[in-house]
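K.L.:
Guided by the hints, dock chain B onto chain A, whose structure is given.
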Amino acid sequence: MKRGERVIVIGAGHNGLIAAGLLAKRGLKPLVLEARGHVGGMMGDPDFRLSTMPFAVWPQVLRALGIDVAFEPMTTLVPTPQGVVGISTEQVVGAEDGQAAAYRALMSRLERQASALSGLLLKPPPNLASSGFGDLLGLAGTGLKLRGLGKTELRDLLRIVLSNIHDLIEDEIGDGPLAAALAVDATLGSAMGPRSPGTVLTLLLRMARNRGMRVMPKGGIDILTGKLENAVMACGGEIRTNAPVERILVEGDRVTGVQLAGGEIVPSAAVLSSAAPATTLLDLLGPQHLDAEFVRRCRKTASTGMVARIDFDLKDAPRFSGGTAPSGKDRIVIAESAAAVEAAFNAAKYGELPKQPVMEAHYDDRNRRLSVSAQFIPCSLKGGWKEESRRALQRLVERELARVFPGFGSLAAAARLMTAQDMAAAYRVPGGHWHHGELRIDQLLMLRPFDGAAHYAMPVEGLYLCGAGAHPGGDISGAPGFNGAQALLAGRRR
Amino acid sequence: MARKNAKAPHPQVAVGLEAGPFHERIAALNSQYGWMDWMGFASPSVLDNVEFEYFAIRNQSTLFDISPMCKYAIEGADAEAVVNRLVTRDIRKLKPGRVAYVIWCDEDGNVIDDGTVFRLAEDRFRLCCQEPQLAWLEDVAWGFDATIRDVSREMAALALQGPTSAALLRALAVKEMEQLKPFDFAAVRIGRKVVELSRTGFTGDLGYELWMKPQDAVAVWDDLVGAGGQQGLRVIGYQAVEMARIEAGFLLPKTDFLSSRTALRTDRPSTPFELGLERMIAFDKPHFNGRRALLRLAGSTPRRRLVQMEVGKDKPAANALVYHRKKKEVGMVTSALWSPTCKQNIAYAWLDAPYGETESGDLWVEIYLQKEIRWQRRMERCRIAEKPFFVHQRRSATPPGDY
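Just so you know, the protein sequences line up as chains A and B, in that order.
Each step along the first sequence adds one to the number in our numbering, with nothing skipped, and position 11 is 11.
Each number in our numbering comes from the position in the second sequence (counting from 1) with 494 added on.
Looking at chain B on its own, in the form it has when it is part of the complex:
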């Protein structure tokens, strides 16, 4: 628990940003006054020190407010048909009590957004994603017996992530947690409040997400924080989450790819094939949005491909261009990080075809370094990696380990 006895900082009101359900608690801990705009809410970027916060994700447990996520309830007799029509995966295979990572495409087969679908019951789903989708969902549901409701403000949510997160829930006597496999969820009791607990997250580590009514938010927070001392629970900001998500191999809209709904230039959107998500397309299910375009795309070579790369030495290749044989420009880096856990210099990059497909050798990134006001250019060799950098068996072990 961070800075429990520190003098409370001045109350902070971020100009133009709204206070979320946990704002009071987070503001009291935000000694850096670091706020960012997440869907109009004041979301902490860093509370005291990004390194401490990052290491808490990998070694202790962490709390991060994910209430600003967009959340939609899709309900009714045709709810399954609507969700199945929306996403590329076959949602008929998703059982109640399970969560699925999904992407959805426009009629040209370009990705609109990614997110998670919770199946609450046979005829009730919840979609969580980064970008507002109400108008799109209403278009998809037109003509079907299903209602779409924006429930973003009817729910507060917390990400409880890190190896000791299960131990913390155990300390709170949350028994249902023992049987939860990754992508399971169940209703549990934290103190006197009922919350929905899902074994999901954005860090690639053992972790959970808790979904609750906004009016229960502070009580649940206090219970978690009150019990978390033994497990080294730390409240964190987005910068640390960003480091963990790059290691874990998760894509970030607006950084690694652009939604086809917001792109202006026709070549900016990306297809699932370009994003390396073709395994998420179920061509054998009934018609879904973009199916015909995706079938056509499946038969052709993608224009470019988003790849994970290992870069030489230790300087992150942020915003770097990628070269073939140090000469020909063949791509660009979208996210980059020196991974403290993997002890690797890692990056995501777009490579124009055929690089990243048939041509994958002799690739270089151009890194700019500033050393005491002087800029240096460094060509560093890079290599395409096939798997996410951070993979740990504790993420999926059931029952979860007691660290």
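Chain A with its partners taken away, still in its complex shape:
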């Protein structure tokens, strides 16, 4: 594309902003069209953030955009009847000595293995059908890094990579609060339980960057969003909120622009979409431009969200039974054991509310707001989501929170709830899935979002994917946005 040419980016989530920022830096004129009234996507709504604790954006991505965000690592707190177990980058406190040592040993091994795999993530997935020299070189680099693990660890990686996290935990550390934290990290946002195959790989991919630790941008989440937004604007990009794209326009098998919900037509020779792949391809583009097999694979992509978000405005800081209160730098994981995580998944698998949902919570001390992500709350609940079932879910979450924070019931002032079904409607994500599609072995690398659609460039010329549905997938990493923009800049075609 020529300098100064307009490129439309659909969605102002972090991936959309990163893609637009990169294009703007390279002299193109990105126009970001956001359906909602705010930028930042799932982490951008200040009244009700879906994502409250981001993972670290790849430093290479921030460098490419020329922005500087300081991330502070968070401490994971796992409350137990015996006290709170704390996991930070430096230490594990409050856990049984033997388990803590085993946990640290396992984590450092997984970190090495994850870092050997990390080379696969910040570039397009390998193309097995027609590999160019560059592809092969990149693969060879990852191969060398894997060899660098040494015989024992490489063999160990190959042994565990397709297996489930529950078996690994059982073998290496035994069940307990540390195991629960690991099981949550391996299944977060997924419709997979710790015993589901491939959950080790999900964990490894998450750990490939910053050891899988959650971070908080210094100064709050809006700092990150603001800087990404500025990166777009500073180089001549434009962002329009409340501008939902209704249709991607095509002529002669080429993208010619988009049509907004109001009927306005915005011409452009290229469209990058950070919306979910199914939304982009089936709703905005339309199956009439695609082959039947491609459409089938797209609509059969597994994308079942199992996270419900609840915010509580509190009168005062919640306190653990020991009397301490969590700070804004803490991430609270509420799950007794890996077995309990599996039990919660079992119920959700059959469309039921779990007896004990697994929860991840963050307390914002400035706004006195407790944000809870309740995991394994099915998107399509048996009998459907009604006012009654929403109340039942809220009561369930409050009951569990009261177990961890005694007296929680009297603290809670107001609550807002969003089920996966609500997220599906609000963010146009099939199944309300955080990652725009399950992060599992058959939907990763060259199979993400699905076979035949893995290299960002879509069959209709000028259309690219750059959202969480594309390789390497969800969480706040910025890699899909970065890779998608690179694919467009390199003029990649399908």
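Check the hints yourself; a few may be wrong.
[Claimed, not checked] Over the 12 Å line for every Cβ pair with chain A, so calculated as not near, a few chain B residues:
id, residue
1, Arg-519
2, Tyr-527
3, Val-576
4, Leu-580
5, Val-593
6, Arg-643
7, Ala-681
8, Ala-713
9, Ala-721
10, Thr-749
11, Arg-762
12, Leu-789
13, Gln-802
14, Thr-835
[Claimed, not checked] Reference excerpt, derived from the structure (chain B facing chain A, CB under 7 Å, subset only):
id, residue
15, Trp-636
16, Gly-637
17, Asn-783
In short, the hints are calculated from the structure, not lab data.
We put the CB at the ideal spot given by N, CA and C, even for glycine.
P.N.:
Same frame as chain A, now just chain B:
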């Protein structure tokens, strides 16, 4: 009419096969007890003598039960868009009352199957083909306002083929037949039953196909057979049809090419370019399945090509390998026949590129002959033919001739 007064043979039940709508009538005539499996139905392979049956196609008229064909109704506001998305031809040009021969491809540009599309109305189509396609059609129609229905069992069908077929219909006072051009169809009355009459067929000769409700099948059969004596109407089996279709240049799935949906080996499916059907691709219409792959393929040399060949002498080159300069193996024969009408030894063969494209001379087939238990090998010269072997103006003359 064959063996009218012959003693009826024992009732036949073909093991594992289903009786079709005409089974009772066909079984009564099947003195060879020759049955084959066609989509699970008992279909006659030969009733008494394949030569008689073949010559009836070319000189009289013949009845062949084609009910086992797969038939799908595609209906709804988007039916035209769905059919156009399915097939490579531009179906927008097909008017109601017309039939089109079509092929359809997968996303890699490999042929899935061929068949005929009947346009019943602006928003109603019927697809007839050899292989079951319901799942595929549902995939193609996903997201469109159209319904796909398998109507295979809601219709019985007969092929009435041969030079005297028009005269036979005339004898039954089917007036609409006079105006029917090839690939036209119309609703007509045979006796008291309404049937759909299309001027289509698999023999390359003057002929019709009749589509009716299964419950009307026997009555229509009896009317045709009752009126057909003067025209030498003969009920035939598939072997005779197979001879006629090779002469007429029609391809047979599973013999001449393999559907990409059933092929396991990646090099087994065929593209329209390889099958010599590139004229059937309308690149200038909206997107259809496999379009992008076909565009890429259009710019490259096909891996191989299906060609029609004239072979020397009279022994059919069935299953033969094709050689260049009698030495280098360059292809294989899929269908072969001594054509009694053309008096030619003919065959279809796959030739690997560049043979059949830039290299077409000095080709030989290796024919194995058994003479009194002893096998002989014969290298016979062959030559690529450009046109179908059997072409007759009576096939398309309108109004049809009164033979």
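K.L.:
If a hint holds in the structure, say so; if it does not, say that too.
P.N.:
Against the structure, the hints come out as follows:
no.: 1; hint: Arg-519; in the structure: 40 Å, holds
no.: 2; hint: Tyr-527; in the structure: 43 Å, holds
no.: 3; hint: Val-576; in the structure: 10 Å, violated
no.: 4; hint: Leu-580; in the structure: 8 Å, violated
no.: 5; hint: Val-593; in the structure: 24 Å, holds
no.: 6; hint: Arg-643; in the structure: 18 Å, holds
no.: 7; hint: Ala-681; in the structure: 33 Å, holds
no.: 8; hint: Ala-713; in the structure: 40 Å, holds
no.: 9; hint: Ala-721; in the structure: 45 Å, holds
no.: 10; hint: Thr-749; in the structure: 26 Å, holds
no.: 11; hint: Arg-762; in the structure: 18 Å, holds
no.: 12; hint: Leu-789; in the structure: 9 Å, violated
no.: 13; hint: Gln-802; in the structure: 31 Å, holds
no.: 14; hint: Thr-835; in the structure: 41 Å, holds
no.: 15; hint: Trp-636; in the structure: 6 Å, holds
no.: 16; hint: Gly-637; in the structure: 4 Å, holds
no.: 17; hint: Asn-783; in the structure: 5 Å, holds
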